[in-house]
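Chains S and Z are the protein sequences, given in the same order.
First residue of the first sequence? That's 12 in my numbering, and the numbers climb one at a time after it.
First residue of the second sequence? That's 3 in my numbering, and the numbers climb one at a time after it.
Take these hints with a grain of salt, some might be off.
From the structure, some residues in chain S lie toward chain Z, with a derived Cβ separation under 7 Å [claimed, not checked]:
(1) ARG68
(2) ALA72
(3) PRO76
(4) ASN81
(5) LEU91
(6) ALA94
(7) ASN98
(8) LEU134
(9) ARG141
(10) ALA209
What the hints contain is simulated information worked out from the structure, not anything from laboratory work.
We put the beta carbon where it would ideally sit given N, CA and C, even for glycine.
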Amino acid sequence: MNGRAPQRRNRFLRRGGRDPNRLARHGKKVMPQSYFALFNLEPRFALPGEQLDAAYRQLAAQVHPDRYANAAPAEQRLALSLATSANEAYRTLKRPLLRAQHLLGLRGVDVLDGGARISQEFLLEQMDWRETLSDARAARNATGLQQLGELVRRRTADLLQQLAAQLDADGDNCAAARTVQQLMYVDKLLFDIDEAHALLEA
Amino acid sequence: MALLSIAEPGQSHSPHHHRLAVGIDLGTTNSAVAAVRDGSATVLADEDGMRLLPSVVQYFADGRIEIGHEARRNQAIDPFNTLFSVKRLMGRALADLPEPQRRAYRLLTADGMVKVQTIAGTRSPVEVSAEILKVLRSRAERSLGGELVGAVITVPAYFDDAQRHATKDAARLAGLNVLRLLNEPTAAAVAYGLERAGEGVFAVYDLGGGTFDISILRLSRGVFEVLAVNGDSALGGDDFDYAVYDWIVAQAKVTALSPSDQRLLLAQARSAKECLSQQQEADIFARLSRGQPLNMGLERATFDQLTAALVAKTMAPVRKALRDTGLTVADIDGVVLVGGATRMPSIRRAVAEHFKREPLTDIDPDEAVALGAAIQANALAGNRSATGDWLLLDVIPLSLGLETLGGLAERIIPRNSTLPVARAQDFTTFKDGQTAMSMHVVQGERERVADCRSLARFELRGIPPLAAGAARIRVTFQVDADGLLSVSAHEQSTGVEASVTVKPAYGLSDTEIATMLQSAHTHAELDARLRALHEQVVEAERLLESIDSALQVQSSSWLNDAERVALDSAMARLREALQDSDADRIRIAAEALNQLSAPFAARRMDDAISKTLAGRRLSDFG
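Only chain Z is shown next, with the shape it has when bound in the complex (with noise of 0.2 Å):
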């Protein structure tokens, strides 16, 4: 029976029993759990029925821990052991968190990764989410009644590598099985499209607490295909807050703010941005500790100057993830809004005016995500879906790549791939009997390694040492449907095979590796662009300077006038495009001079020939 019953992959094997999984919306400021019951989608709530869970957690010196929103409430009491937006911090180092966010917490750096100091001891980002995640955990496992089989983890879609394996970490040490880290404008996208059973090209704008994603969808016949992402990880609504209390703080005329206070004043700048989404003027009042009280006025108009620039922030890449798909606005079929900072007016005005169309607001914005997140996790565990069979085809949002000479990065696996993808790349020794290669693997759009996110270093050993450039060595990305990454190498030019595959760790310190790097540093990388540039320079070089002296010798006999006005016309753009130092430009210039100039080279050596057979000898050539 066992041999014959061979079951349908991804169908359970007792298909009778439904097994428990559920969709997590981890969030900067909320986080919420939802699963598939009686065939639809639901957020679970708590005992008290709430269904948003704040991403805030309060340690306490007696190790217990408070999450959610009593320690929401406590957090202008106790400000440096109540931690929020912790999300922001996922995956990063200290370098890479801008002003507003260092200030409010005690951050340290451990193994190159920022950690924050609390009065119950250091804790890292991953542990911080952990505890968030875990009482989501627990509320599904009371809400339904048993163990879960798993769950789906959202994460902006900007997300890069570091910040995906973060999420993934802190979900295990809440004792999760990972079914797969989903996409958050990509859920959404499910939640709305299941719904509707829509077809057609879809924008999601996802505008969360601490990140910005752009996803551009199409759907058609239960197949979710995201053409394009792009975004802004470290951009959302916490910035409007800022934006806010720095306004207050100038209205007020307040200086030296106690850590209570900054975030007492947070909190109300927090609330005064919500409340202008209803209303046209927001009452700040506050007392800070040393008595003094603060009453100000916020209308709409001024908020939305507060903000502008943040607004126009989002559309730069916008418009990036559209030009990515070929398309135009007029192509998109509708838009879809997600996250609880599209609740901003100025938000939903600057989206319907760049689509040119009203956006869709029908799902509420804070539970989207983890609605699609929960019918994603439902199909994975493999229940019976009541939507029917349907797919996901995401992408990769930023490009893949190794540094290479110069510090430039070499793009291996380009930005908007859908996953999984692999792709390899051939590179070669530097010197003769070069035996190891040291690889930096890196993320991001920009041409330079140190502009770029820096996932992982290791070293390819045992390349047998060979004339330099005769080595081949093969190196291959591999993006799971996760999008994590895995990097392998292999010399191939002998047969003997070194390989290594490294898994980017985030908590790998990039300079403690480079320490350790530096003394077997072999200057292995090559640099395929400045390369490529300098065969281009020295093969033009030659193709001139051979020109210039056949020239020299003697050129009637075997050009005319126009021959040589072109010839002189084609040497001249090539001597142009070598100034400029532009590679495409000299490759072009050099091969039309080389065609040119071919025909021209015959007949000399038709006419050296011709000599040759009137008696001269070769010599006299020399």
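Isolated chain S, as found in the complex (with noise of 0.2 Å):
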């Protein structure tokens, strides 16, 4: 036992423990659990980096099957999805625009439903970004593509701030998920420039 808290581990188990597949299965549309809850964390978009690191890395030295190399077969199996699972969580609480629909998934709100409407402007930005990604690509221009990337990331900077006060200071769902719509469009966007600057290099 070593002072560790076993009933903790317990209640973790009785709670994600009765389908260890459930999470892997069912993947991002059944939002089976609070992924706040179970790092016993508050559900709120504002969430300390650190916090949500010593959270994950107190549940994963508990459920890494590294700590069940000598476990019964089907301990490991649990281990494995448990594990599993703490991933799952870290890595949606971790990035802004999961963590995001997945606390408006938790509030009935579901982003990808559509009806959320978004404004001319911005798609017309976005279609001049993707147009410059696209002649930096065509071009080669490493310099193009690094300057595309910070303009992206400022823009994203700006949608995070106003996302975290729709959020939790208004509690504006509807505000917050056509914020998250544009993140999405945003981020893709990012992705494919670091895959254009990948392509450059290889």
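Dock chain one against chain two, each of which comes alone in its own frame, and use the hints as you go.
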């Protein structure tokens, strides 16, 4: 026992343990449980990185398969699925966009359900940026990619600030869903910029 | 009593008994075994006091096998039966191998995988590796005085699933219980991190005999969190040897070298390379089998020139790994050099230049990996650790996906996901009444399946015959803590469950299985990307068409000039995006046009309704 709290693990086992593959099988569509609750965290968008890191490490230290290298196969399987859930939860809460989506999901708002309207200016800007990206990619223009990346990152930071206010202070889920949708555009664009960078170096 | 004493997982059931576990670095050039004794990790030496075991295996006609130093000395005498750098063949097909390795052995293809012909018969790389592991196992058991409960075997971080499976099989064949496959740079980081109790972000640059890894880790309060790995599983010190070898052959103007001479010159090339890490010039002297003497000097500057491209080749993965972490060189708190090849001054210089700091080399680069593996093995075996509680969080090096229509790879688990990880994705049927679906599991970062590594093919049968697109097949990828993948698929639209779990086997021949499956092939794969593009195109064209026809009928009453200009420009942009076949651009442009035109559509509707109210019949508008 060594001072580690077995109750905590047991509680966790009971909650997640009925169907170890539940999370894995159902992927992101079904929200089986609150990832915030899994880590004993307040369901808020504002989440200090260190607080999440500490909570994740505490849980990972208990459920990681390395802790069960000598255990019975059934226990090892359980550890595998619990550690998998912990990793998925951490990944989700670590990334602001996924965290916001998860939080909205817990509040019964499905961002992907449509309905939210995106402004014309935003879409026009996205089109411009997409064109800049495809031009820079075609011209193998690393500086161009760099500059676009910085621009998009700045926009991301602004949107995240806006999102924090909408989710935590105002509790305006509809506005937050709109911001999340915009962030999805921006996030995909950033990913593509990074891929274009990688392609230049290959 | 038994009911009350529930042991903490990972703790030994008999706390006073030290369970013997070792860490093994199964290297391309050298291998080593280490164990934690009296609280600290040490590399175990053989009876002659040698700590490294050359990864060279010599087969004799009478069934005898020589492994290690003696075998390495016999290379030039018996080249075809003395196998070196077998690690480069693990989990590989003949077609995967570059030319230098193909000419080094008598290779053949069996079950799609490469095997080596020796005087003692055909041997797989797995079997050859098992011979090396057996020597290390008996060395450990003799040295530690008992049977091993298990071993941690290290693999290059950039090893794919097939290479990992092959390594695990070799260990099993050698009678070892594999506690964990551990990534080499992570093992080195453990050796360094626990030694120095360091905190911060570290880069481990690991250039071995045949593989290159770069790993970025964060060390914090006993947690080793791998942030990103990258590398090249076919780049190592061997390639520097071949570069020198080619230079020797060119300088000496010799042609048609016998296999013995080739091996002799390769060994000379290797020792010249090693010598140049200490000195400015190396002498190369050899007498070829026909009596021709060779005598030349190789200067370090020339060597650096010959190998500059290889050094540069390691830097692209370094940049990629760093980009994946979102960090910059300034965020790195230390750089660790691992692997014998990092003794080369040109490598040290290049690394120091890139990271703008002198790399750490205080643990022997040939031993760091085995030491770290031993520390991990000790912990996994349940022994109390002098360094307290710590945890390794490693990642998957290469993305995993499925082949979809058009030969494209659909990514399911992205690279650098923390292990263990599971991800699911839904697919559906392509044809009415389709009852089977074939799945092709691939690993790699490239878009095209042909450029990725093929891991396994399997078929999901018993899908209820439904209309195309009605079935819901959920494919789940699970990667365990060893970095090994298992795949399962379920049909879930009707409650009828058909499922299959596949452990991708490196022994499976792709072409064979492909032929087997051909007859039942149902074109079931649905390419999400191509399909998405197709859907975007169809939708965009429909949108353009409907607006065009609306504009043709009459627009003056519900559209002013400025609005007309905006609408025209949005339509032009969408047409432009369509020409580029860029799904994202099409989607965004269509969304913009759709939103822009929505109010006009409403006005047009109002218009129509008011006209109706003015006494005209709906049919007039048909």
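Margin query: Using the nearest Cβ pair, does ASN98 of chain S come within less than 7 Å of chain Z?
Written below: 5 Å, holds
Next item on the list: Return the status of the interface hint for ALA209 of chain S: holds when the least beta-carbon distance to chain Z is below 7 Å, violated otherwise.
Entry: 6 Å, holds
Note to self: Does the closest beta carbon of chain Z sit nearer than 7 Å to the beta carbon of LEU91 of chain S?
What the structure shows: 5 Å, holds
Check: Taking 7 Å as the limit, does the beta-carbon of ALA94 of chain S come near enough to a beta-carbon in chain Z?
Finding: 5 Å, holds
Next item on the list: Would you check whether ALA72 of chain S satisfies its interface hint, that is, whether its CB is within less than 7 Å of any CB in chain Z?
Entry: With a closest approach of 5 Å, the ALA72 of chain S hint holds.
Notebook entry, point to check: Taking the closest Cβ pair, is PRO76 of chain S under 7 Å from chain Z?
Noted result: 4 Å, holds
Note to self: Holds or violated: the hint that ASN81 of chain S contacts chain Z, with Cβ atoms closer than 7 Å.
What the structure shows: 5 Å, holds
Margin query: Is the interface hint satisfied for LEU134 of chain S? The criterion is a beta-carbon contact with chain Z at less than 7 Å.
Written below: 4 Å, holds
Notebook entry, point to check: For the hint on ARG141 of chain S, does the least C-beta distance to chain Z fall short of 7 Å?
Noted result: For ARG141 of chain S, the interface hint holds, since the closest Cβ of chain Z sits about 5 Å away, which is under 7 Å.
Check: Would the hint on ARG68 of chain S stand, with a C-beta cut-off of 7 Å toward chain Z?
Finding: Check passed: Cβ of ARG68 of chain S comes within 5 Å of chain Z, closer than 7 Å.
Comparing the model with each earlier hint shows no violations; every hint is respected.
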